[in-house]
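K.L.:
So you can see what is in the structure, the chains are spelled out below.
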Amino acid sequence: MSTIQARDVTKSYGKIKAIDHLSFDIEENKITGLIGRNGAGKTTLLKMIAGYIRPTSGELMVHSRNPFNSLEVSAKTIFIDDNMTFSNSLTLKDILTEVSHFYTDWNSDLASGLFDYFSLNPKQPHSNLSKGTKSTFNNILGLASRCPLTIFDEPTTGMDSAVRKDFYKALLKDYIEYPRTIILSSHLLNELEEILEDILLINQGTKRLHLPAIELREFAVGIRGNTQVVLNLVEGKEILYREEFSKGSLYVVLKKELLRDQFEQVKQSNLEVVPVSTDDLCVYLTAKTNGGIEDVFKRS
Amino acid sequence: MILNNKSMKPIYVQIAEWLEVEILNDHIKEEERIFSQYQLADMFTINPSTAAKGLNILADENIVYKKRGLGMFVSPNAKHYILSKRRNQILGQMIEALVMEAKRLDVRESELIRMIQQARAESEEK
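Quick note, the sequences are listed as chains W and B, same order.
Going by the working numbering, the first residue of the first sequence is number 1, and it counts up by one from there.
Going by the working numbering, the first residue of the second sequence is number 1, and it counts up by one from there.
Simulated from the structure, these hints should not be mistaken for laboratory data.
Fair warning: there could be bad hints in the mix.
[Said to hold, decoys possible] DSS-like mimics (lysine-lysine), calculated; alpha carbons at most 30 Å apart, straight line:
{"#": "1", "chain 1": "B", "residue 1": "K9", "chain 2": "W", "residue 2": "K256"}
{"#": "2", "chain 1": "B", "residue 1": "K53", "chain 2": "W", "residue 2": "K267"}
{"#": "3", "chain 1": "B", "residue 1": "K66", "chain 2": "W", "residue 2": "K169"}
{"#": "4", "chain 1": "W", "residue 1": "K256", "chain 2": "B", "residue 2": "K103"}
{"#": "5", "chain 1": "B", "residue 1": "K53", "chain 2": "W", "residue 2": "K256"}
{"#": "6", "chain 1": "B", "residue 1": "K53", "chain 2": "W", "residue 2": "K30"}
{"#": "7", "chain 1": "W", "residue 1": "K267", "chain 2": "B", "residue 2": "K103"}
{"#": "8", "chain 1": "B", "residue 1": "K9", "chain 2": "W", "residue 2": "K30"}
{"#": "9", "chain 1": "B", "residue 1": "K9", "chain 2": "W", "residue 2": "K237"}
Could you put together the complete structure from these sequences and hints?
P.N.:
Given below as structure tokens:
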């Protein structure tokens, strides 16, 4: 069953299309990573799913309903980002108590366990928190709500790397115990890819890829070696990225399946085959030119 | 074990290989229950579907088998099977790579054999 169904969803701001005819399904009880560069449309998409804003056109269904202005959808959905604001007259402890009334699956043991573990001060107001601590607190709300659809928009903003790791661990542990549909958006894939089941990569409001995380890791390979030998090998194939290292030496990235019949040839011809990290791959797949930043400096 | 996410080897293959080593070292014995996908997911902080894929590799090779409602168990003869598989496949691949590299470096056959014998002798001493 799908928790989210999007068909040709478009969101325009004036002449600019933040989301452009996007279609996808997100299945129930999967952890999906929404990956894209700055300005790709991640937040716009997530806000539509959460029912905060309305698509300009297309059909978006969440829990089989139109999420915009829907109480039923919002009771089953939580949207966590770093713009959440709370009244200054509430302490962090007050917020936990108040938020708990809104979500039927709220787990107060989990909330207080994480609260203590991350050494938050119960008497502090929310607005006084540092960037990283604010993210930590908001994420505790997201986890403890145990909402059937839990959305984290750039959840680790400002967190140090130890807290990030702890957060992802906590998320995975609680997900194992209590499976639900979770979406995590990020422009950094490598720190969270192991816990993802699926990856949805968007670029300029359109879908670039939607596939199991396992498959993304095997999607592409890098080939490095003598320029002429490399060029012979990849002739007529789509190159995702190319970089000249030194004179006569070339590095290219291409889809693995394009080389399927030629692995023996690669082995024999003194070329180096290197794995492409999913982070790099996502950058290549969303780049405007296939030479990257190097192209800017080559105009001599 | 720490998973190497820069390796050419997918995580689920690394999981399957780790479990094979656990069986080879008698940490999990034949006819004993093996970790569930959720235990593995928790231990290695990976998605349960990735862990399941690792277990499925072992199930496809009959190294583990499913008992309805009870989980996955190590097959009788699993250890023997893993040993012979590793001898044939893994050693075979390594030797193939070794021979190719030797050719590239102009190392003659007799020389290569001498190097192997020397490496063996050194490992005996340890």
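K.L.:
For the pair supplied as a hint, K9/B and K256/W, is the alpha-carbon distance within the 30 Å limit?
P.N.:
holds (14 Å)
K.L.:
For a C-alpha distance cap of 30 Å, please report whether K9/B and K237/W respect it.
P.N.:
holds (25 Å)
K.L.:
Keeping to a limit of 30 Å between CA atoms, is the pair of K256/W and K103/B held or broken?
P.N.:
holds (27 Å)
K.L.:
K66/B and K169/W: Cα distance at most 30 Å?
P.N.:
Answer holds: K66/B to K169/W is near 28 Å, not above 30 Å.
K.L.:
Would the hint linking K53/B and K267/W be met if the CA-CA limit is 30 Å?
P.N.:
holds (28 Å)
K.L.:
Taking 30 Å as the top limit, are the C-alpha atoms of K9/B and K30/W close enough?
P.N.:
holds (24 Å)
K.L.:
Does the alpha-carbon distance linking K53/B and K256/W stay inside the 30 Å limit?
P.N.:
Satisfied, since the Cα-Cα distance of roughly 20 Å is no more than 30 Å.
K.L.:
Hinted pair, alpha-carbon criterion (30 Å max): K53/B, K30/W. Please report holds or violated.
P.N.:
Since the Cα atoms of K53/B and K30/W sit roughly 15 Å apart, the hinted pair holds (cutoff 30 Å).
K.L.:
When you check the alpha-carbon spacing of K267/W and K103/B, does it fall within 30 Å?
P.N.:
holds (13 Å)
This entry satisfies every hint, going by the numbered hints stated previously.
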